[in-house]
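Student: Generate coordinates for the entire structure from the input sequences, incorporating the hints supplied.
These protein sequences, in sequence, are chains A and B.
1 is the number of the first residue of the first sequence in full-length UniProt numbering; add one for each residue after it.
1 is the number of the first residue of the second sequence in full-length UniProt numbering; add one for each residue after it.
Think of the hints as simulated: they come from the structure by calculation, not from any bench.
All C-beta atoms, glycine included, are put in the ideal place defined by N, C-alpha and C.
One should not assume that every hint holds.
[Stated by the list, open to error] For each label pair, taking beta carbons as the anchor points, the in silico distance ranges come out as: (1) R240/A to K304/B: 55 to 63 Å; (2) D38/A to G126/B: 36 to 44 Å; (3) S66/A to E92/B: 25 to 33 Å; (4) G105/A to V28/B: 37 to 45 Å; (5) Q173/B to R50/A: 54 to 62 Å; (6) G149/B to G216/A: 48 to 56 Å; (7) G105/A to K304/B: 51 to 59 Å; (8) D38/A to G149/B: 41 to 49 Å; (9) G177/A to H201/B: 33 to 41 Å.
[As the list claims (entries may be wrong)] Sample of chain B residues with no beta-carbon within 12 Å of chain A, all distances over it, derived: (10) T15; (11) E24; (12) H29; (13) E31; (14) G154; (15) I247; (16) A254; (17) E291.
[As the list claims (entries may be wrong)] Some chain B residues judged to face chain A by a derived CB distance under 8 Å, without partners named: (18) C104; (19) G288; (20) P290.
Protein chains: 2
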Amino acid sequence: MTNGRRAIGLDIGGTKVAGAIVGEDGTVHAELRRNTPDTSDADTMTTLLREMVEELRGDAEGADVSAIGVGAAGTVEWPVGRIRWAPNNNYENWDVRGLLESACGLPVVVDNDGNVAGLAEARLGGTRNDHMVLLTVGTGVGAGIVLDGKIYRGPHGLGAEVGHMNVNPDGPQCGCGNYGCLEAVASGTALTRMGRSAALHDPRGMIATLAAEAGGEVTGQHVTMAAMAGDSTAASLFQRLGRSLGIGIASINAIFEFEVVLIGGGLVDAGELLLEPARRAAREFHYGPPEVRPIPPVLPATYKGDAGKIGAGLLALEET
Amino acid sequence: MTNGRRAIGLDIGGTKVAGAIVGEDGTVHAELRRNTPDTSDADTMTTLLREMVEELRGDAEGADVSAIGVGAAGTVEWPVGRIRWAPNNNYENWDVRGLLESACGLPVVVDNDGNVAGLAEARLGGTRNDHMVLLTVGTGVGAGIVLDGKIYRGPHGLGAEVGHMNVNPDGPQCGCGNYGCLEAVASGTALTRMGRSAALHDPRGMIATLAAEAGGEVTGQHVTMAAMAGDSTAASLFQRLGRSLGIGIASINAIFEFEVVLIGGGLVDAGELLLEPARRAAREFHYGPPEVRPIPPVLPATYKGDAGKIGAGLLALEET
Chain A
1 MTNGRRAIGL DIGGTKVAGA IVGEDGTVHA ELRRNTPDTS DADTMTTLLR
51 EMVEELRGDA EGADVSAIGV GAAGTVEWPV GRIRWAPNNN YENWDVRGLL
101 ESACGLPVVV DNDGNVAGLA EARLGGTRND HMVLLTVGTG VGAGIVLDGK
151 IYRGPHGLGA EVGHMNVNPD GPQCGCGNYG CLEAVASGTA LTRMGRSAAL
201 HDPRGMIATL AAEAGGEVTG QHVTMAAMAG DSTAASLFQR LGRSLGIGIA
251 SINAIFEFEV VLIGGGLVDA GELLLEPARR AAREFHYGPP EVRPIPPVLP
301 ATYKGDAGKI GAGLLALEET
Chain B
1 MTNGRRAIGL DIGGTKVAGA IVGEDGTVHA ELRRNTPDTS DADTMTTLLR
51 EMVEELRGDA EGADVSAIGV GAAGTVEWPV GRIRWAPNNN YENWDVRGLL
101 ESACGLPVVV DNDGNVAGLA EARLGGTRND HMVLLTVGTG VGAGIVLDGK
151 IYRGPHGLGA EVGHMNVNPD GPQCGCGNYG CLEAVASGTA LTRMGRSAAL
201 HDPRGMIATL AAEAGGEVTG QHVTMAAMAG DSTAASLFQR LGRSLGIGIA
251 SINAIFEFEV VLIGGGLVDA GELLLEPARR AAREFHYGPP EVRPIPPVLP
301 ATYKGDAGKI GAGLLALEET
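Tutor: Okay, here's the thing in structure tokens:
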């Protein structure tokens, strides 16, 4: 038996929903995972979440769960807990908090997935810090901004969209419709786009070959595999991507004076392929003399894919 | 006689130091102004500030002054009140707070000039708001960020450098040494650079002619005069500059979810020449559907050149 309160943390992504019973120290006592239904409308999703909560509470460790926290991709109104808009899901204006509180009889808090992941890193990660940002570099670029120990959300929870800071108005189009967002040049989607272009120009190169062997189109993962195997074209794509990320990091450091910058999300599995050029550009574009304005370390996040559900659980424990 | 407490507000710029006795409602009871000495080292500057404080206190209205607030261009450590670094002045590591408290026997607070100007606008401007930014577009681009009613400075006062957010890594060099800062493309310095280039390409155009008539090199003011007189080349430079400013505004709106964006500084005197393209680009690059994430209004600031000293006085009244 462990002491302390427990909450259920749920992390709603574009392809899967992860759930866990989380303790105050971040310990995961039980967990489960479901695929996000193809028809990810509000009714279907609410039913799925209710079933996951019931299953987790049915677990012996779940008896004393006191609250539910939800982290979700998309624009989440805070503290109302309504998901206004999610580029990769069909729900819209989904009152997650209200519906889940009615269905489960527990207090519910709902926040953006980047925010809850940032909370997990700030409170329990290897570099606990009250002035930091977590950038999650996956399909998109998410962010959790922690200022003076608190998640920064904007007055209605619509802020912290660092991935949609413009880094080059003449850059490629982003999933959001704008041109030159950080997400458009420094995400898994950007890596896929660059990899496809590289394969087109060199159909016998390693990127194209790996994709052909797998029997499908080039994805960012083929680029990562090729770069890890020493392919120079793939490595150069990571240099480009990491440099864009580093320039974005320098910009937010000018604005926020962060003490630590953490990189999470799927692409951080590429390790130094991503981090080295990002650090270099963050130094190159750093504002001010480093002895006056220190350059914060750029480090991999502690909680890979678990950050969302753990952070959602922590948020529920802190806010209820 | 008016009621309430009063403070002295001092605004240290690259070319002048402005001082005033400021009431809680922002009323200026007395004011004076000195040129910044060419040898703007810490000793000379401290003496100048002490003399200005004595003169202001000597005024009949200055009898009940309870504190001193200083706003200064440069990197100001908060709450220590030490100016670490100022690109346009010779002082460095200047302990303004300590020296001025000793010299004047009053509590002193020292902050970045953009921050105190932002405070004046947030508390007393025409669009008082707790979630806003003031961008001062002058020689450089300064900023005062107000989050939940409080100035955001970063953990040691080194943040809020929105002017050094990168907007194009291949852009022109900034006074800070980096390439493509917002300040490098959306400031008076940028306008001067663009104006000189235009005059070089068209020596008989209005910009070159106005400068020649004034007997000197082209400055941003000649561009402004030409644009106001209807010169299409000068107007197109404002379109470029305003567009860059608007893209920067869209980026910080994605990050902060501001409710109001105010534009101050010398260039706002150009009015719609600057504001119209800025608003257009801020809309074009706005993140998310406007019905979900509203587009904040971009408005001229209330307190032109007085924002610094009034805000410095207000800050002293709030913090002491």
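Student: So which hints don't hold here, by number, going up?
Tutor: Violated hints (numbers, rising): 1, 2, 3, 4, 14, 15, 16, 17, 18 and 20; every other hint is consistent with the structure.
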